[in-house]
Structures are given as structure tokens and as C-alpha cells.
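Residue numbers (full-length UniProt numbering), protein chains in the order written: chain A, 1 to 220; chain B, 1 to 93.
Derived by calculation from the structure, the hints in this document are not laboratory data.
One should not assume that every hint holds.
[To be verified] Covered stretches of chain B (chain A as the covering partner; in silico rule of three or more C-beta atoms under 8 Å from a C-beta of chain A):
id: 1; region: 57-65
id: 2; region: 69-79
[As the list claims (entries may be wrong)] Take a look, some chain A residues computed to stay more than 10 Å from chain B by CB distance:
id: 3; residue: ARG29
id: 4; residue: GLY65
id: 5; residue: LEU115
Model, not experiment: these values are computed from the prediction.
The C-beta atom is built at its ideal place from N, Cα and C for all residues, glycine as well.
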Amino acid sequence: MVLGLYTFADIAADGAPRLEAADGEELVRVDRAAELALGPRALKAPGTLFLTTRRVIWVSDGGEGYAVDFVAVSLHAVSRDPEAYPYPCIYTQIETEASSGEESDVSDSETNGELELSKVTEMRIIPSDPGQLDELFEAFCNCAELNPDPSAESDEEPGWVHGDEGYEDMTDGSDTEFSDVNPIGQTGEQDITHAVIKLQINDQRFEDAEIDEESHINGN
Amino acid sequence: MLFFSYFKELVGKEVTVELKNDLAIRGTLHSVDQYLNIKLENTCVVDQDKYPHMLSVRNCFIRGSVVRYVLLPQDGVDIDILHDATRREARGG
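With the sequences and hints as input, model every part of the structure.
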């Protein structure tokens, strides 16, 4: 799992990126004339944005390319307030090798004025047509949903599956947000008494008290 | 599946999501998926001075794997139901 931004140079003669087709990577969306801004700076302008099923790739018109895998995109959002950034854009935060383990200042992606790609934690994509922002946001959402953490997938192993609760729908990619999972508090047909563990206490203090004939409460 | 089910019940309520990078974002829970990816609307950043770039953001998508906490509204939590549900989940029942 690769975190952080990296340079991308595998570009075909027609300007399109060469993808890992053997791994099933496919192109999802292309936005021409999109600018990229890494960290606090605006980068080269303009270029072409390619969204694939695995990652975000941006290639400048001059052939300079950058990419980040969706597993490393912590969040993305539409940013429209000119006070935060002069142009409407998709704002993203990137998880880097450095930030994944420790505290780090988001603004230290530059050293001596040089941009350190592996430390960039914020990236903005500025499409030439701001009207495309909502679609672009949705495309980011769709691609992000295609890239769960590898460790998250292992949680779906049989040990955690609850057979008859209709979880088969979960793998249907078209509607991941609504499924037949029982809402909290409703067990459906399930009888939960079998799941209650009987408490075994072998301590004499919990034995019934001996009844002493001579000490009845109301006895004489 | 417990938390997915639980968060679905919270859609429409206001929550605060705290990320592993310490950023905290308050917003209305729009939707959640099986990986606990979260979409929030009407967002505002809790500590605005620390993260000024997030100020203009109104809706966002947060990757489930970077969430540290989801802070819940007081009236969004039925302790008894949650207690029972977590007990059942832990016993695999």
C-alpha cells in the first residue's frame, strides 16, 4: 500500500497514462485543462486529470506527472469559498508515510523552498470549469469506495459473518450504503438466549445459607 | 457490521468526526458505507485556526480508515440497545 504522492512518468505517446491493466486498473474519468496545487503552492498549469479505479493521476501539458493512490486520500471535498482558496476546487488530504504514524505539521512539505512530494498532505484540483466540481466530487467518492484498506477486507472473513442476516448484498457495488442489515435493537427471528453464557461460580459464599431452626426471624 | 448498522441509524444527525491526524470535523451525517466511509454535509471544522484550509468546505467524504472517533449526539445514543447489540456482536451471535 503506497502512501503519499509520487511522480508518474509512465505516459504513452498520446499523453494518456499507462495503467496497471493486469491488476485490473481502469480509467474512470478524464478532465482536460485541470490545474494541480500541491501543499501551499500552485503547481504547473494546466494539465490533465485522470481518475482510475486505483488512483488519481495528473499530467501537465509539459509531461510532468504526479499520482496518489486512493488508499492514501484521507478525505476529499468541494471547496468554493474564495477566502480559503482563490479558485473553486476539489480539496483533498493525503496520508503520507510520515503522517500515518506521528504528529506532523501539515505545512512542512517544503524544505528550503523545494517541494518534498512525499510530505505533501494537501492537494487541490482546479478544473477549468467549476460546474464540473460536483461530478468530480462524486467520481472521487466512487473511486474511493473501490479502494478499501486491504486490512479492512480481511475483516469480512467467515469468522465474522452472520449467516442469515442478509449480508450477501454487501458485495453489490451499486448500492453500498443501503443493505438489509438489521437495525439496532431488532433481532428479527433470532433467539439470543443461546448466546447468553451461564455463569458458573464455585464460591461457597454464594451457596444458600443454612437454615438454622433456632434462628428463624420470627422464631422464639 | 455493528457500526455500519449503528451509523445508518444516525444518518441525518449531527456528529463530529475526529481523524487520526487530529482534524475534527462537525457535520450532518449524510451517509455511511460498509467500510465506514463517511459523507458529511454542512461541515465545519472544530479547530478552525489549526486547519484554515478546511473552512470553505461544506460537504466532504472521509475515508473510513482514517477515522479515529465519531463523536455522537447525546440524544442519538440509546445506551441499552447499543449495550445489547455490542454484547451480541462480541459473542458472534
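Verification of the hints:
1. Figure legend: the region 57-65 of chain B, annotated as covered by chain A; annotation consistent (9 residues with Cβ-Cβ distances under 8 Å, at least 3 required).
2. Under a criterion of three residues with beta carbons nearer than 8 Å to beta carbons of chain A, the stated coverage of the region 69-79 of chain B fails, only 1 such residues being counted.
3. Distance check on ARG29 (chain A): its Cβ is at least 16 Å (rounded) from any Cβ of chain B, clearing the 10 Å threshold; non-interface status holds.
4. With a cut of 10 Å on Cβ distances, GLY65 (chain A) stays outside the contact zone with chain B, its closest approach being about 23 Å.
5. In this structure LEU115 (chain A) is separated from chain B by more than 10 Å, as the shortest Cβ-Cβ distance comes to about 17 Å.
When each numbered hint is compared with the structure, a violation occurs for hint 2 only.
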